[in-house]
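> Residues per chain are reported as follows:
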Amino acid sequence: MNESSADVILRMSGIKKSFASVEVLHGVDFTLKRGEIHALIGENGAGKSTLIKCLGGIIRADEGTVQIDGQPAQIGGIEDAERYGISIIHQELSLVSHMTVAENIYLGHMPLKRGFIDNRAMEKNARVILDAVGLEKIAVSRECGELTVAQQQMVEIARALAAKTRIIVMDEPTASLTEREAERLFEIARRYRGEGISIIYISHKLEEIFKIADNITVLRDGWSVGAKKPSEVTYDGLVSMMVGREYTGHYPRSGYTGGEEALRVENFSSPKMFQNIGFTVHKGEVLGFYGLIGSGRTEVMRGIFGIDENASGEIYVGGKRVVISNPGDAIASGIALSPESRKEHGLILEQTVSFNVMLTVLKKFIKGISIDENYERQTLSAYIERLKIKLKSVFQPVKSLSGGNQQKIVLAKWLAASPDVLILDEPTRGIDVGAKHEIYQLITELARQGMAIVFISSELPEIMGLSDNIVVFHEGRQTGFVTRDKIHEATILRYAMGEVR
Amino acid sequence: MIKQLWSNNSGRFLAIVILLVIIFAGAGQDFFTSKNLINVVRVTSMNSLIAFGMTFVIITGGIDLSVGSLVAVSGTYCAAAIMMTGNFWAGMLVGVLIATLLGLVNGAIISYTPIPPFIVTLAMMQSARGLAYLYSQGKPIRLPNEFGTYGNGALRGVIPYPIIIMLIAMALLSVLLYRTRYGRSLYAVGGNIDAARYSGIKVKRTILSAYLISGILAGINGVIWSSRLYSGQPTQGANFEVDAIAAAIVGGVSMTGGVGTIFGTFVGALIMQLLTSGLNFMNVPFYFQYIFKGIVIVSAVFVDLNRHNISMLLNNLLARGKPKTAPEP
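Taken in sequence, the protein lines are chains A and B. Position 335 of the first sequence, counted from 1, bears residue number 341 in the numbering used here, the numbering being contiguous throughout. Position 104 of the second sequence, counted from 1, bears residue number 93 in the numbering used here, the numbering being contiguous throughout.
Because the hints were derived from the structure by calculation, they are not lab data. Careful, some of the hints might be misleading.
[To be verified] Below are the DMTMM-like pairs computed for lysine to aspartate or glutamate, each with C-alpha atoms no more than 25 Å apart in a straight line:
{"no.": "1", "chain 1": "B", "residue 1": "Lys191", "chain 2": "A", "residue 2": "Glu346"}
{"no.": "2", "chain 1": "A", "residue 1": "Lys373", "chain 2": "A", "residue 2": "Glu346"}
{"no.": "3", "chain 1": "A", "residue 1": "Lys394", "chain 2": "A", "residue 2": "Glu379"}
{"no.": "4", "chain 1": "A", "residue 1": "Lys211", "chain 2": "A", "residue 2": "Glu444"}
{"no.": "5", "chain 1": "A", "residue 1": "Lys59", "chain 2": "A", "residue 2": "Glu69"}
{"no.": "6", "chain 1": "B", "residue 1": "Lys193", "chain 2": "A", "residue 2": "Glu350"}
{"no.": "7", "chain 1": "B", "residue 1": "Lys193", "chain 2": "A", "residue 2": "Glu315"}
{"no.": "8", "chain 1": "B", "residue 1": "Lys193", "chain 2": "A", "residue 2": "Asp335"}
{"no.": "9", "chain 1": "A", "residue 1": "Lys59", "chain 2": "A", "residue 2": "Glu356"}
{"no.": "10", "chain 1": "B", "residue 1": "Lys191", "chain 2": "A", "residue 2": "Glu379"}
Extracted from the complex, chain A is given alone in its bound form (with noise of 0.2 Å):
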């Protein structure tokens, strides 16, 4: 390395880390400059998360040295991570959300006067902070649950700069801010970068690492295995990195031209949620719904589902009129939603992936007290196989499974319940690119095979490569419908800004 050793803040060699006698960090190096936002990227289970644990004094390294500012550091728990200035803002936020904000900024190291905590000193300090994240119009006082998600994450980053850190880590920080919210993050994390502050920036979205990243470290199977300087790689030599192998990032294509209607919505409407949606999905035809996040999406699907009980309209099946009142009926005319948050709403973590997948076909699986075992065998060999997924047995539970595992045994208890409609709620979020790629080639696959599928996600080059054609969604109207020889980017964002065609 070139660099010279006064600009390097932190520097970890060699750190290797074993869980239950497997070892997940073979020995990773990481090097991070003074005043620069370093990326850290690779596919789950490559051992980030393990790595900035080992940094933050969550977990503790079985080898390897930490240096910060050239002295070698022994961060043995949480508290030696603080005395170095280090925060972590973790995926999950974590603040309280009955204290204030002030309260909250300062959790942990209140002032004090005469031994109580000096309100006045705490609420004029925390001002000073909000405004420098750009949260003028914050008042200290204000509960943290009333925030948006992205003002409580600025609330964190005003939380780890009271604490005098020298590095921020950001895991994920994007994960659920509008694009607008992004960018004022970036334009925060710029800012302190000038300020001399270190940020390593961890992210699945490679878009965002070229667009701020100083210098990136890709992580592959606990090795880190290169850091560059995003003017080095491209996009596609970067996944190659993080999967191993040559990546080309095409989308397959169904060929899809033209089918018998499968799902007709008409006048479908919710109070507050959404007004006269109406669409249809034909047999092979993917058909995307974009929108910005709370633009209601997501909320026209559970309607249609039969969560929302307010939701009414015509809903139409293979040409019949069918009337949706819960779940049950609506897997009873052959639709399936795959959740957007498969945590909440897709998986039951502590139970086995066998009866994850069998819930959706528990009627065909147990007859009165007689189960099927058979039945039970060849489903979960079918589903498994076809999504590739890697277990050890289909009675592990399912929280033993990494994210995009998780996600496709999400898929594969919806694709078990053999359903007509398939819709398929951001079912790309929060996983790897490899994992993308394959649930891409299963959308296409599904799609040639004859379903119906709705596609629905945020990010727009997914949505514009995998759709026949796009619906578009802005604050609960349905503003655009884009067909596939007219899907053009600036048409999308236009009418997602709530532009009416």
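Once you've looked at the hints, dock chain B against the given chain A.
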């Protein structure tokens, strides 16, 4: 081998039972008389019946604090109906039915309103107790001696009837829980209520049914108690909810829902009863036993929460020296 025994719940429980028996060997020979052991199992059977209902409820992620009061209501109204009609069977039916009805009320409020189970069943605990006092004016209702056969008698003079009733309930409930769609729904609802709803499971009905079953079992228990005591006692059943919850927890039912077995709860009840009986024989003062029980409950949950870490520790010890394997996909 050790690890297998550990991860297999039944094995773990049996190990604890054996350990307790060995410890109480020090309590003297009286503990091991067949009379005492049968008595331990009989009391365990009575407690288990309620704890089974609690297991269903806790698996859905709820709690039923009203079971003790339902026992009292069932016993009191059973006795009242017998005194009125002179028919034992009519009395027993009335006792079970009224507890079932109150269980249904619990379930209906819990599944169709947002009021949490803790509050609903706490309220029912009060109201049902009041209902028991109301009819009997606070006094026990005496019953003819012949009625005592059910609770005090034994099949061929050997196996007490409560044990037989418990075994039948255990078999039926186990089949219901492990071999039916309904059983899967219970686990699914407790494991993740939203995922269960998205999967097409009738969530409200499932939750309601758990409280209904808890009511039925408390009702049966109340009838057996009125027989054992030759009277309907409105004060009966105090603290039964605590014993039932303890048995379930010690038996491996997770308070967060979605995890638990009927057999586990039975062994949990057995462990608690062995402990009580053993301490009695060791002449440990009664009040100490409360403290001891508290410690056992907390320890059981602690071990349960750390089972993963403990089994990893065992794993590490056993795997020492073996070559390291590749990371999991």
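> Against each hint, give a clear statement of whether it holds in the structure.
We went through each hint and held it up to the structure:
| no. | hint | verdict |
| --- | --- | --- |
| 1 | B/Lys191 / A/Glu346 | 21 Å, holds |
| 2 | A/Lys373 / A/Glu346 | 31 Å, violated |
| 3 | A/Lys394 / A/Glu379 | 22 Å, holds |
| 4 | A/Lys211 / A/Glu444 | 17 Å, holds |
| 5 | A/Lys59 / A/Glu69 | 14 Å, holds |
| 6 | B/Lys193 / A/Glu350 | 18 Å, holds |
| 7 | B/Lys193 / A/Glu315 | 14 Å, holds |
| 8 | B/Lys193 / A/Asp335 | 15 Å, holds |
| 9 | A/Lys59 / A/Glu356 | 24 Å, holds |
| 10 | B/Lys191 / A/Glu379 | 24 Å, holds |
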